[in-house]
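Colleague: Now for the letters of each chain:
Protein chains: 2
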Amino acid sequence: MCSICLPLFAAAQHPVTFFTRSEAAELKSGINKYPLLTDSYQEIRSQVDAWIGKDVDVPQPKDPAGGYTHERHKANYTLMFNSGILYNITGDAKYATLVKNILLKYAVLNPTLKKHPQATSSSPGHIFWQALNDANWLVYTGMAYDLVYNSFSASERKTIEDGAFKSEVDYFTKDLKNWFNLIHNHGVWACAGVGIVGIATNNKDYVDMALYGSEKNGKSGFMAQMDGLFSPDGYYTEGPYYVRYAILPYYLFANALQHARPELKIFQHRNSILQKALLAGLQQTNIDGTFFPLNDALKEKDFTSNELVTAIDIAWSVYGADKGLLTVAKKQDKVLLSKGGAAIAAAIAGTKDIPAYYPYKTVEYVDGNKGDEGGVSFLRNGKGKDLSTLVFKYTAHGLSHGHFDKLNLNLFDKGNEILTDYGSARFISVEQKYGGRYLPENTAYASQTIAHNTLVVDEASQFNADEKLGEQFHADKLFSDVSNDKVQVVAAKEDNAYKNIHLQRTEYFLQIPGGRKIVLDVFNVNAAGEHQYDLPFQYSGNLISTNFKYNYNGSQQQALGKNNGYQYLWKEAEASVKDSMAQFTFLNHRTFYSISSLIKGEAKIFFTRTGAGDADFNLRREPAYIIRTNAANTAFVNVIEIHGSFDPKAEFSADSYSAVQKIELLQNDNDITVAAVTIGGKQLLVAQCNKDFSKQSKHSYTTFNWTGPYAVWYDGKTLQ
Amino acid sequence: MCSICLPLFAAAQHPVTFFTRSEAAELKSGINKYPLLTDSYQEIRSQVDAWIGKDVDVPQPKDPAGGYTHERHKANYTLMFNSGILYNITGDAKYATLVKNILLKYAVLNPTLKKHPQATSSSPGHIFWQALNDANWLVYTGMAYDLVYNSFSASERKTIEDGAFKSEVDYFTKDLKNWFNLIHNHGVWACAGVGIVGIATNNKDYVDMALYGSEKNGKSGFMAQMDGLFSPDGYYTEGPYYVRYAILPYYLFANALQHARPELKIFQHRNSILQKALLAGLQQTNIDGTFFPLNDALKEKDFTSNELVTAIDIAWSVYGADKGLLTVAKKQDKVLLSKGGAAIAAAIAGTKDIPAYYPYKTVEYVDGNKGDEGGVSFLRNGKGKDLSTLVFKYTAHGLSHGHFDKLNLNLFDKGNEILTDYGSARFISVEQKYGGRYLPENTAYASQTIAHNTLVVDEASQFNADEKLGEQFHADKLFSDVSNDKVQVVAAKEDNAYKNIHLQRTEYFLQIPGGRKIVLDVFNVNAAGEHQYDLPFQYSGNLISTNFKYNYNGSQQQALGKNNGYQYLWKEAEASVKDSMAQFTFLNHRTFYSISSLIKGEAKIFFTRTGAGDADFNLRREPAYIIRTNAANTAFVNVIEIHGSFDPKAEFSADSYSAVQKIELLQNDNDITVAAVTIGGKQLLVAQCNKDFSKQSKHSYTTFNWTGPYAVWYDGKTLQ
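Just so you know, the protein sequences line up as chains X and R, in that order. Going by this note's numbering, the letters in the first sequence line up with residues 1 to 720, in that order. Going by this note's numbering, the letters in the second sequence line up with residues 1 to 720, in that order.
The hints are simulated quantities; they were obtained by calculation from the structure and are not laboratory data. For glycine and all other residues, C-beta sits at the position ideal for the given N, C-alpha and C. Take the hints with a grain of salt, since some may be wrong.
[Stated by the list, open to error] Cut-off 35 Å, straight-line C-alpha distance, at most; resulting in silico cross-link-like pairs (DSBU-like, lysine-lysine):
hint: 1; chain 1: R; residue 1: K649; chain 2: X; residue 2: K331
hint: 2; chain 1: X; residue 1: K334; chain 2: R; residue 2: K414
hint: 3; chain 1: R; residue 1: K54; chain 2: X; residue 2: K682
hint: 4; chain 1: X; residue 1: K414; chain 2: R; residue 2: K414
hint: 5; chain 1: X; residue 1: K54; chain 2: R; residue 2: K649
hint: 6; chain 1: X; residue 1: K33; chain 2: X; residue 2: K94
hint: 7; chain 1: X; residue 1: K385; chain 2: R; residue 2: K331
hint: 8; chain 1: X; residue 1: K299; chain 2: X; residue 2: K94
hint: 9; chain 1: R; residue 1: K94; chain 2: X; residue 2: K331
hint: 10; chain 1: R; residue 1: K94; chain 2: X; residue 2: K649
hint: 11; chain 1: X; residue 1: K649; chain 2: X; residue 2: K662
hint: 12; chain 1: R; residue 1: K649; chain 2: X; residue 2: K177
hint: 13; chain 1: R; residue 1: K682; chain 2: X; residue 2: K649
hint: 14; chain 1: X; residue 1: K383; chain 2: R; residue 2: K698
[Stated by the list, open to error] The calculated label-pair distances, taken between Cβ atoms and stated as ranges, are:
hint: 15; chain 1: X; residue 1: D175; chain 2: R; residue 2: S555; range: 22 to 32 Å
hint: 16; chain 1: X; residue 1: E471; chain 2: R; residue 2: D288; range: 43 to 53 Å
hint: 17; chain 1: R; residue 1: G554; chain 2: X; residue 2: D372; range: 36 to 46 Å
[Claimed, not checked] Residues from chain R shown here face chain X by an in silico Cβ test under 8 Å; the list is partial:
hint: 18; residue: K414
hint: 19; residue: H643
hint: 20; residue: S645
In isolation and in its complexed conformation, chain X is listed as follows:
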C-alpha cells in the first residue's frame, strides 16, 4: 500500500510543526504593535517566567481528572509548548532549558508506565487515566520538542525521542491499535499526536501511520478521518460540542503537515473541508457563543474556548480574512503567537465597528460522509440579540456520544435556551464527581429519549437505547423550504427507532403579521396497533398559567416510571384532558412562551422535574411538560409562541397571554395533513403532503389549492 506513502522529508528543518523560523520572525515584529498580540504574549510570558529556574514536577501518574497528577501533567505540556514558543521569539536559551529539563524527566518516566491506576475506559492511558489525554500530551509535547529541537545535542535528542516519545507512540500504534485506528474524535487526537511527534522527530514511519493508519493502508488515519467524520458540507457527525474538540487536532496537525508535507495540500483537501467544518461549527452556536448542546455536550463550552482560538487563528492564515471570524476572535480576546494570530490582532486593531454577533443565518446540514444520512436544520429568525433559533435534528446517531433523539426539537431565543436539551451529565475535571468523567446518569438519563423533545413510544427509548443498533440507521429529511425568513419549513421521518412505527415531524417556523413568532409542530405517528405515546417538551422557565386544571402532588410525589430515564423524573402534577386545546405559558428571563396542544380524544398531561433517583445529586433539576396518549395512528399538533415581555425593574409586562384560541386538525391521512390555528381571531391554515413531496405536484383541500409539499395561509392569504 506504500503507493500512497510519500518520500522522506526533503530537509528536516525545525521548527516546522507550529510555525517556521521565518513565521516566528514576522510575528515578533507585531508584538509591540497590536494590543491583542501584546497581551497574549505577556500572558504566556508571565506564566512561563514563573517557572524559570524552578524544578517542574513530573509525578508518577496516580489521580483521575481533577486530581494533582492529572492536572500537573496537563499543565506541563502547556508549559513546554509555551516555553518553546518563547524560545523562538526571544532566542533566550532559558526557555529551551526549561523544556529540556521536563522532557528528560518524561524520558525516564514514560518507558516505565503501564495502564493508569484510575483507568476505567477501554482505552486506558499511561500518563493520564484515558489514552485521549495522552494523545493531547503528544500533540503539545511534540510541538514543544520541535520548537526547541535546534537547541539540543544529538544525544539529548536520542534520549528524549527514545524515552519520552517512543513508548507512547508504540503504545498507541501497537497495544491500542484498534483505538488508534478509530474514526472518532479520539482517533483524530491520537493520529495528530503521533503525526506531530513524527514530524518533530523526523520519523517518516510515525507520520505515515498517522496519515494512513497503523497498517498504512488508508482505511484509517488522519486522511480517513478527514473523509469520514464530516459530511460534504462540514457537519461533524458527533455534533457541535465535539467538533469544537476535534477541530483542534485537525487544525494543528494540518498546520504541521502544511509545512512538512506541502504536497498534500491538506487544507484544500475535500473542497477545503476543514474550512467548512469550522464555519459549520460556528453556525451551530447560540448568540452567546455556546455550542448547541446536541448529543453529549457541556453547556459551558463556547467559541472562546482554546480549541477555537487555535482553529480560527490558523484558518485566518490559511483561508484568508473573514469578517465573521473577526467577531469571534474579538470575543476570544486572545490570539495564538502565530502568523494567523498576529494577522488577526492586526485586523482587530485596524477595524472599527466589528459586529457584535457572528453572522448567523438559517442553515441545514446533511450528515454522513456521503451526505446521505439525514441531517439537522437550524432555522433562524430575527436579528442581533433578538435572534431565535429552532433546531430540528434528524441526523445519524453520532457515534459513541450520540443520544437517542431522532426528530428532536430545541428552541433558543434571545440567547436563552427555551426548549432544552439536557446535554451531558458531567462535571468535567471535578475529581469528586466520578473523576470528572461522564457520570452514570449520562447513559441512564441524559442520552435517553425521554430526556429530549421527541416522541417516546411505550416508555422505551429509540432503538431500545442500543448504541450499536442506533448506529445502523439515520432519519431522513422529506422536504424543506427556508427561502423565506418568515415561513421556514422542514419535514423529516424516522422509521427505525421503533419497530414498525413510522414517525414524521414537520416544523413550521413562522412570523405572524404583527410580529409574533410561532412554531407549528406537527408530529405524525403511524403504527399497526395501539401504543402509549409520550411527547415531552423540556422547557426552561417558570410556569405562569395553564388553561386546564391539574392535580399537584403537593405532600408526596413519585417518579414517573422505572426505566429508560423515566425513573429520574418526579411527577409534580398531572391532568386528564379530552378533545380540547391544552395551553400553558411560562416565563424565561424577560419573555413569555406558550405551548398550545391539540388534544384529540383522551390524554394526560404531566408536569415533571428531574431529581428522582438521583442519589448522587448529579443532575440539574429541570421541568418538562409531557403529553401522553394511547393510539395507533395520530398526529400531535402543538403551537409554540414567543410573546410579550416582562420587565421586573420597570414593573411592566406586556402580551403575557397566548394569542392561540383554537387548534383543529381538519384532515390527516396518508396523503395530506391540514391543520388550522386560530390566533388573535384570525386563521392560520397549514397544509402538508405526507407522501408526495414533489415541488410540482398540485393539491387541494376544500377551496384551497397549492403546488408543492406544503402551503401556509394566514387570514385567507398565502403567508409570506
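We have chain X; now place chain R onto it with these hints.
Modeller: Below, chain R alone, put in the same frame as chain X:
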C-alpha cells in the same frame, strides 16, 4: 398646632416641583454637549413624539397590575411628566397640549371613581388596584401639571385642579386618612403625591398635610417619615429593597420643597439623612448592583432602577460630586433631564477610568429611629469582582415587609448569592400571577423562619409568624470588631423570638494565611427544657460531595413538615449523624464552597428542596442543608469555606476539597465559648465571651489569655 405651619407661598412661580425655569435653561445648553444627556433627551423625545397628535386613552379602571388599564394609566403619568419636561426645554406648545388633553380626561374621570374593582388591600386605589399606585400617579401628574402650568388658562387650571386632583387628594387625606398617616413607604408616596400636587396647585393646605399629616400635628406626614423610618446612620427599617422604592418620593418631594419652601432646608434635615439613606442603600447592594434581598425583595432590582437614577441625579446637585455615585450613574447609562442629571452627564464625559465597582466596604448599620433597635452588619473581604460579603441581620422587624429571620446569615461571593435568602414570592406586574401582587406563598413560605438561615425551634417560626408581635421586639448586637479586614467579628442575641429561649450567634469572617476565606459561625441556644432545633443553610449550587452517608428518597419523596413553611420543602435526602463532623461541598459557578458542621450527640441532616405544596408553581426550586438536633442548651458550630476554582472551558479544577479536618467545642458555658478548627493541619482557635463584652476585661482558657470579648489564634499566634 399651626405654629409649625409655614406662611403661604411668597410668589407662586412655575415650574417649581421638578426644576425651575433657570435650571431648565441651564440644562438645555448641555444637551448637545454630553453624550449621556443627549441620549437621555433623545429617548424621552422619541417616546413622547410618538404620541403627539394622537388621542391618549384614559380608560375606566378595570384591570389589576399587568392588565391593560393598569399599564395604560401608568404609562400616562410617565408620558405627561416627560412631555412637561420637553415643553420647558423646547418651548413647543404641542407638549403642553398633550399634557392638557390627558389631564382634562382625568378631570372628568377621577371624580366618578370609587374603589377599584380589583382592589384586595386595605388601602384600595381609585385609578389602580391599590392606593399606592394612585400615589405614584399624583407624584408624576403633579409634576407634569406644574411643568405646563404656565400654558393653561385660569379656567383650565380650575377644571384640572378640582377634577383631576381634588378627588384624589380628598380620598387620600379623608377616606384613607389612617393609611395616609402611616409611617411606612406607602405613606411616603402618599405624602409626596399630595405635597407635590399642593406645590403644583399653590395649595398650602395640601402641602401642610403632606408635611405634617392630615391633622397637621407633625405626628405623621413627610417630616415624621424623615425622622421615623431611618436610623440615625441612614438604614431604612424596611430594608434595602424598600429603600430603593421609598427613596424616589423622598427625593422628589424634597427636591420640590427645596424650591418651594427653601426655609425648611429639607436636604440638610437630620444631619442630611437623605444623603445617608442613599449611600447606605448603595452599600447594601451586591457587586452586580442588585439590592441584598432582605425582607420582601425581588432579586431583579438593582441600582440602575429608575428610582436610583432619580435619587442619584438629585443628590449630585444637592450634595455635590461623589466618585462612587459616578460609578453607579455610568452603569445606569441614563440621566434625568435636570440640573443634577446634566452635571453627571458632564462628569462622565470628562472622567477617565471611572472605577468598575462601587466603593464597597464593611458597614454596620443600627436600626430604629433612635438607633437602638438592633441592626445589620455587612462584612466585606476582597476587591473588585472577587469581593465577598457576609450579611448578618439582627434588626427590628421591618414593618409589614419584614421576615421572621432574626440572626439570619447570607453570603455573597464574586457577585453570586451563595447562602441565599428567598426574597419575596412575587412575579411583579404579571397579571396571571395574582395580578402581580405578593403571592400567598410570600407569607406562607418566604417570610417564615425556615426559609432563612437561622435557627427554627420546634418547627415554628419566630414570634409564631405574628407580625404585630414581631414588631414589638428587635435583636441586639453584643459586640463587633471590624477594624481588621482579615478578622471581622460580630455577635448578636435574640431573646423574644421564642419564649424563654436565648439565641446568640457570632460570626467570624476570617482570612486564613494562604488566602482561603472562611466563616466560623457559632450559634448558641439556651432553653429551660429540651426542644427540636433546626439550623438551615439555604445554598445555591450543585452538591458535589458529602463526608457522610445519606438516604436519598429516590422513587418517592415527602414534604418535610406540615406548617410554618415546612410544607413547601421536599425531603430529598436525610442522614443520621453522631458525634462527628459532617461536611458537604457544593459548586456555585466557578467556585467551591464547603460547610463543615460540628455534630454533638445525635443529629439528623436533611437535604431539602422547595416545591412541595406549591400547587401554582409560584416558588423557585431551591435546595437547603438542614441540621436537626434535640437539646436544651447547645451550640452549633459551622465552618463555611470559600475555596478552589472550576473552569469547565479549560477543563481544570483546583482545591475542590474542604481543608477543614476537625471541629471541637473545647468549652461552652455561660461565660465563654472556645472552639477549635483544624484546617490543613493547623489549628484555628476562637474564644469568645458570652456575658462580659467589655473591651478591657481579661480572660483565659488553658494557656491562652486575651483581653476583650473575643480572640482568634491560628497556628499558635493571634490571627491578624
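Colleague: Starting from K682 of chain R, check that the Cα of K649 of chain X is at most 35 Å away, please.
Modeller: Given pair K682 of chain R, K649 of chain X is violated - Cα atoms ~48 Å apart, limit 35 Å.
Colleague: Between K94 of chain R and K649 of chain X, is the straight-line Cα distance small enough, at 35 Å or below?
Modeller: Since the Cα atoms of K94 of chain R and K649 of chain X sit roughly 31 Å apart, the hinted pair holds (cutoff 35 Å).
Colleague: Does the closest beta carbon of chain X sit nearer than 8 Å to the beta carbon of H643 of chain R?
Modeller: Status violated, d = 13 Å.
Colleague: Check whether the Cα positions of K94 of chain R and K331 of chain X lie no farther apart than 35 Å.
Modeller: Given pair K94 of chain R, K331 of chain X is violated - Cα atoms ~46 Å apart, limit 35 Å.
Colleague: Are K649 of chain R and K331 of chain X close enough, with their CA atoms no more than 35 Å apart?
Modeller: Holds, at roughly 14 Å.
Colleague: If you check the beta carbons of G554 of chain R and D372 of chain X, does the distance land in 36 to 46 Å?
Modeller: 44 Å, holds
Colleague: In this structure, is the beta-carbon distance linking D175 of chain X and S555 of chain R contained in 22 to 32 Å?
Modeller: 44 Å, violated
Colleague: Between K385 of chain X and K331 of chain R, does the CA-CA distance stay at or below 35 Å?
Modeller: Since the Cα atoms of K385 of chain X and K331 of chain R sit roughly 20 Å apart, the hinted pair holds (cutoff 35 Å).
Colleague: Does K414 of chain X pair with K414 of chain R here, judged by a C-alpha cut-off of 35 Å?
Modeller: 25 Å, holds
Colleague: Given K414 of chain R as an interface hint, is its Cβ closer than 8 Å to any Cβ of chain X?
Modeller: This hint is violated: K414 of chain R lies away from chain X, its Cβ roughly 16 Å from the closest one there, beyond 8 Å.
Colleague: Does the structure keep K299 of chain X and K94 of chain X at a Cα separation of 35 Å or less?
Modeller: At roughly 40 Å apart (the allowed maximum being 35 Å), K94 of chain X and K299 of chain X break the hint.
Colleague: Is the straight-line distance between the alpha-carbon of K649 of chain R and that of K177 of chain X 35 Å or less?
Modeller: 30 Å, holds
This entry does not satisfy hints 8, 9, 13, 14, 15, 18, 19 and 20, going by the numbered hints stated previously.
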